[in-house]
Amino acid sequence: MNSENLELSGEQENTVTGRWLYIQDRVIPWVDGRTVRLSVITDITQRKMVEKELNGAKERAEEATRLKDKFLSLVAHDLRSPFVWIMGFLKKMINDQAHPLHETHRGLVRRILDGGESMVNMIDSLLKISRLQSGKIALALQFMEMNMPIRSVLHNFLPLAEKKGVVLAAIEKATPHLIITDLFMPVMDGFELMRRVHRNPRTKSIPIIVITSDAEMETREKAVRLGADDFILKTAGVEEFLPRVLKFVA
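With the first letter of the sequence shown counted as 1, position 49 gets the number 208 in our numbering; the numbers rise by one all the way through.
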């Protein structure tokens with residue numbers, strides 16, 4: 160490197176005063192032909208103090224995030240365990256052939272199970288978010304069939320809608336091509352919905368698909384007798400569900 164173009168710079172702390180300095184040294188030609196050294200010293204103590212505060216705040220924020228993620232993971236795990244335990248006993252009750260439940264009680268237990276499954280799924284989502292934020296899992300783009308999540312959301316709002324009579328009013332205002340209904344719902348169950356749909360001249364020709372977790376033959380026969388055009392278990396996948404829907408709307 161040409162000595163006339165030499166330039167050095169760097170930060171240095173004065174250990175006596177505690178001040179930080181930014182020093183720039185440059186060799187330049189002078190008017191009389193001599194080569195001289197030009198030094199520029201800037202006090203950057205304030206900037207270094209701000210940087211230190213920012214780094215400290217960043218470390219504290221990262222530590223708080225780590226603690227929050229750990230807390231969420233522990234809470235979600237502790238919440239999930241009792242739900243799974245309770246749902247196990249409910250499934251045992253509903254499948255007990257020696258002491259079968261009354262149909263009304265069976266429907267209530269199924270609704271509790273559906274609510275419990277929704278809570279477990281929500282807790283699982285919370286765990287996934289915690290793992291995502293902690294870097295234990297990474298995002299990956301993939302195709303998702305939105306029919307099932309939308310059905311789940313609609314199912315959660317059905318009690319409020321049915322309490323206000325929104326479902327039947329909507330059917331009369333805009334006749335749908337297909338009705339998909341659960342059997343065990345509060346206020347009005349799927350059986351009563353089918354009775355009302357088929358009593359109404361404006362809606363009686365609408366095909367109805369029943370979705371339920373009840374695999375009992377008597378439940379299926381009752382649904383068909385009341386006008387169900389198809390019967391699908393909630394455990395059915397998209398590959399089974401979509402063809403049945405397309406049979407009526409394609």
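Read the hints as simulated data drawn from the structure, not as lab findings. Just to be clear, a hint being listed does not mean it is correct.
Taking CB as the label site, the calculated pair distances span [what the hints assert, rightly or not]: (1) S240 to E212: 39 to 45 Å; (2) R403 to L226: 44 to 50 Å; (3) R403 to D255: 28 to 34 Å; (4) E399 to L249: 24 to 30 Å; (5) A223 to F248: 35 to 41 Å; (6) M376 to F407: 20 to 26 Å; (7) F230 to R403: 27 to 33 Å; (8) K363 to M252: 45 to 51 Å; (9) M278 to E172: 55 to 61 Å; (10) E210 to M281: 39 to 45 Å; (11) S284 to T263: 29 to 35 Å; (12) T263 to S364: 43 to 49 Å.
Cross-link-like lysine-lysine pairs, in silico, DSSO-like; alpha carbons within 27 Å at most [claimed, not checked]: (13) K287 to K227; (14) K217 to K207; (15) K250 to K381; (16) K217 to K229; (17) K251 to K381; (18) K207 to K287.
Built from N, CA and C at the ideal position, the CB exists for glycine as well.
Okay, the hints, checked on the actual structure:
1. Taking 39 to 45 Å as the suggested C-beta distance range, the pair S240 and E212 conforms, at roughly 43 Å.
2. Between R403 and L226 the C-beta distance comes to about 49 Å, which sits within the given range of 44 to 50 Å.
3. In this structure the hint that R403 and D255 lie 28 to 34 Å apart at CB holds, the actual value being about 31 Å.
4. Remark: the range hint 24 to 30 Å for E399 to L249 is upheld by a beta-carbon distance near 25 Å.
5. One distance hint, 35 to 41 Å for the beta-carbon pair A223 and F248, holds here, with the actual separation near 39 Å.
6. Judged by the Cβ atoms, the range 20 to 26 Å given for M376 and F407 holds: they are separated by roughly 23 Å.
7. Judged by the Cβ atoms, the range 27 to 33 Å given for F230 and R403 is violated: they are separated by roughly 44 Å.
8. At about 37 Å, the beta-carbon gap between K363 and M252 misses the expected band of 45 to 51 Å.
9. The hinted range of 55 to 61 Å is satisfied by M278 and E172, whose Cβ atoms lie roughly 57 Å apart.
10. Judged by the Cβ atoms, the range 39 to 45 Å given for E210 and M281 holds: they are separated by roughly 42 Å.
11. Here the CB-CB span from S284 to T263 is close to 32 Å, well matched to the stated 29 to 35 Å.
12. Checking the proposed 43 to 49 Å range against T263 and S364 shows it is violated: the Cβ atoms sit about 30 Å from each other.
13. Between the alpha carbons of K287 and K227 the distance comes to roughly 14 Å, so the proposed pair stays at or under 27 Å and holds.
14. Pair hint K217 plus K207 holds up; C-alpha atoms about 15 Å apart against a cutoff of 27 Å.
15. Between the alpha carbons of K250 and K381 the distance comes to roughly 22 Å, so the proposed pair stays at or under 27 Å and holds.
16. Between K217 and K229 the CA atoms are separated by roughly 18 Å; this keeps the pair inside 27 Å, and the hint holds.
17. Our distance criterion of 27 Å between C-alpha atoms is met by K251 and K381, whose separation comes to about 24 Å.
18. Between K207 and K287, the direct Cα distance comes to roughly 39 Å. Violation of the 27 Å bound is thereby established for this hinted pair.
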